[in-house]
Amino acid sequence: MEATLTAAEAATGFSRESVEALSAAKQEPTWVRDARLAAWATYESLPFPQRTDEEWRRTDIRGLKLDRLTPFAGLSGEAPSPESVLAGFRDGGISDESARAGVNIQSDASAILTDVHADLAGQGVIFTDLGTAMAEHGDLVRKYFMTEAVPASFGKFEALHAALWQSGSFLYVPKGVSVELPFRSFAVASAPESSIFTHTLVVLEEGAEAFVVDAFGSETQENQALASTIVELNLGKGSQLRYVQVQDWGRHAWNFMTERAILGNDATLNSLHVTLGSKFTKNSIGSHLRGQNALAEMLGIFFADGDQFFDNHTWQLHEAPYATSDLEFKGALKDNARSVYSGLIKVEEGAQKTDAYQQNRNLVLSRTARADTIPNLEIRANDVRCTHGATVSQVVPEHVFYLQARGIPYTEAQKLIVEGFFRPVIDRIPVEEIQGFLESAIARKVGI
Amino acid sequence: MSQTPMFEIENLHVSIEDKEILKGINLVVNPGEIHALMGPNGSGKSTLAYVIAGHPSYEVTEGSIRYFGEDILELSPDERAQKGLFLAFQYPTVIPGVSMANFLRMAVKNVRDARAEEIVANGGTAEPFTPREFRKLMREKMSMLKMDDSFATRYLNEGFSGGEKKRAEILQMALLEPRLAVLDETDSGLDIDALKTVSEGVNELMNPEMGILLITHYQRLLNHIKPQYVHIVMDGRIVRQGGPELAHELEAKGYENIRAELAAAS
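Protein chains in written order, with our numbering: chain A, 1 to 448; chain B, 1001 to 1266.
Here chain B stands alone, though its shape is the one from the complex:
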């Protein structure tokens, strides 16, 4: 039985300024699955995250990314987000003068409107999303992530601590309800309490309809968010795949030993 996967990366080659970063990535994520993508610095992990989200600086030279069977490489970043793709940024950007509440309202409105349009196009009915519902939803999710009310009135990521920025990313994920979430080094810069809050938030948001791709350097995050699949990426290729035990092996051996083993085997 072959079913169209929810999310499928096939033989993906990506360059930036003529330098090839990804050299043939293959990856499938289906609903209910959590995948961890681990690798040393400079292996291409964040490039993959950006390419999935549609960053304009990267050039896909070969291969495809399909989402429910549709090639998304020609879609703009906002169209991808509206279809249910989400990237939690490693370094969320600061945008002066734009309040969290205003930004979130616009993001949620655009994503919800697109979703409603699709439902209506398929013959269903969709209720309009009211500002009142938005405020209620925002309060709910903020309290889940232990965020202070004043957060909403602050400017986007301005003056946020590392932990606050990551929490704000997960808040956006909570409000946008993506089908595929890519979390890029969400654990970096977090102390242990913040890591716990953020992980609990992600675990609470995870559902059988959704897939998660966790990008991380360390095993640490995987103690809190448990993947079924682990992929090791080095020099732009996935070099090993396995279950959760692979992450432990990696933690014990380190990237250099894995690299040496692979070299010896080839």
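The shape of chain A in the complex, shown without the other chains:
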């Protein structure tokens, strides 16, 4: 399906005019438009990342041709039905109905469905698309949107996102409110040679509890497209958030995702990032442990095939004493795929009794795939426990032989081994739906 271009979209190219056109088309409050324009100025003032920058040393973005893309599409015209979007994800193993506290769907630049359980709205929970949130809860959103977790000045692509974000979801859970069922956000892109910008903003007040699942996807197209995601997670004192992100963009997409969580005292974050799709992915995932006794569990699973390139950069930022971070990123690679993992545990002065763990393991399934892993520590306190481990290994032929000797064909044997490799991470996510999804995603990637 091809979305019709509006006059706003026809102002092709990334430009100040396109920012104004987008804001006008969305009939945004002035402060929103002004923030976009300020971000555009920031974008223009910042250089593109260079391979001389440590974080981009192994990550080549020269193939991305922004000048061939439109910054947004699908503001009007025919959008896919919410049902068809949900059915697509359901086929992929992410369920949508019955088990949800709320749902939010973005299709290209438009929000096409947003819904939250009536009981929750009554308790003061807000879950809606970001544009509506800005119009209806301006003061609240303004306080958190790209101000602290991921400010517009964060980097070139973050500034571009701040100028041209299209939609996404806003979740606010008031003090003491606990929601067990997940809030589900879906983003799909179908316009050719265009861009999707999607944003997730979560604010949990003191003692609040929530579970958020973001799922992104598109069909593979011939020409490249841009996907830009920013996730901002604000965890108040004693709050608990489980955040799962499943990225399955088409193989034509250049994907840039930046996420930061800010954890207050005693807050707990359990995050999982599943990277399956896109041609190119640059993930920057970080947790600021700003409160004492905060706990961040950061899990990652990626599986690259074909000529996919995935770069995961993680940050465990210990800014307060007695906090714990526990990171485990595991990746499998086949065909000619490449991955880079680099992770930093940074312990600030005064963050005594920090307990930080970082682990990246990679399983390479072909001779032509390659994984690089670069763990890093930067410690400015003297009473801490920080450990890290990194490995790149290949499938042991004796394992395959053993399984085959029991009647299990080669491909199924590979699947068992890869699933076994990911098992410790899968077992850390006590959500049956996500476990089942991961198992079927691994099987699909292996080729069953």
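If you're looking for bench data, these hints aren't it; they were derived computationally from the structure. Possibly wrong hints are sitting among the right ones.
[As the list claims (entries may be wrong)] Facing chain B, from chain A, some residues (calculated, C-beta under 10 Å): (1) E78; (2) P80; (3) P82; (4) F211; (5) P397; (6) E398; (7) H399; (8) A405; (9) G420; (10) R423.
C-beta: ideal position from N, C-alpha, C; glycine also.
Position chain B relative to chain A; hints supplied.
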């Protein structure tokens, strides 16, 4: 009367990295028979076990292995297993993250499906094997081998003691119901109680339709599993063949004396 043997190795020559390990092995195993293959370390016993199972590192340079008349050397290891060949490994491998139950279910499913396909191809009918039946069968066989229920949830051979690994091998044999089972040094690393349990398990599984090839260094195992035929292998060749008494003779004399006798005789 000449009938096609169930399992027949003929003039088998095998090399690994251009070094010849097996230098013309001949062996026939028919249903209802237990054969013991004995030999000193490095004589080629385990190589033979691996070649039968289809290990890709070994190169067969001459000869054949036929199973019900079919040359199996071109078959992949999984195809051989599906046809009813089984190897109990001397050193079962540890595969992290793969649970016993999941692994066993996949193995049994593949082997059963292949068998059902063959039955249907021959004009018969085959009932599908249900997960419920699988669980029942697994519980049954585990209790026969005195294995704890928690076994099923553990990862494949991870943290298993020597005895547990060997018991797990026999459990797999029990579930896959092979026609020809090769047991490679199944007695090694077992204390006397474990040896008894494992042997009893094997004896219980043995049936008139099945043949067993026991590969062992010592006579010890043969007190528990009684072969009708004993073969002594040295330097890649079967140098003597006989009945159970040959194993006792070997135990009394030792491999070196047998070797000396053979040298003197030639």
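* To do: Give me the numbers of the hints this structure contradicts, sorted from smallest to largest.
  => Per hint list: 1, 2, 3 and 4 violated.
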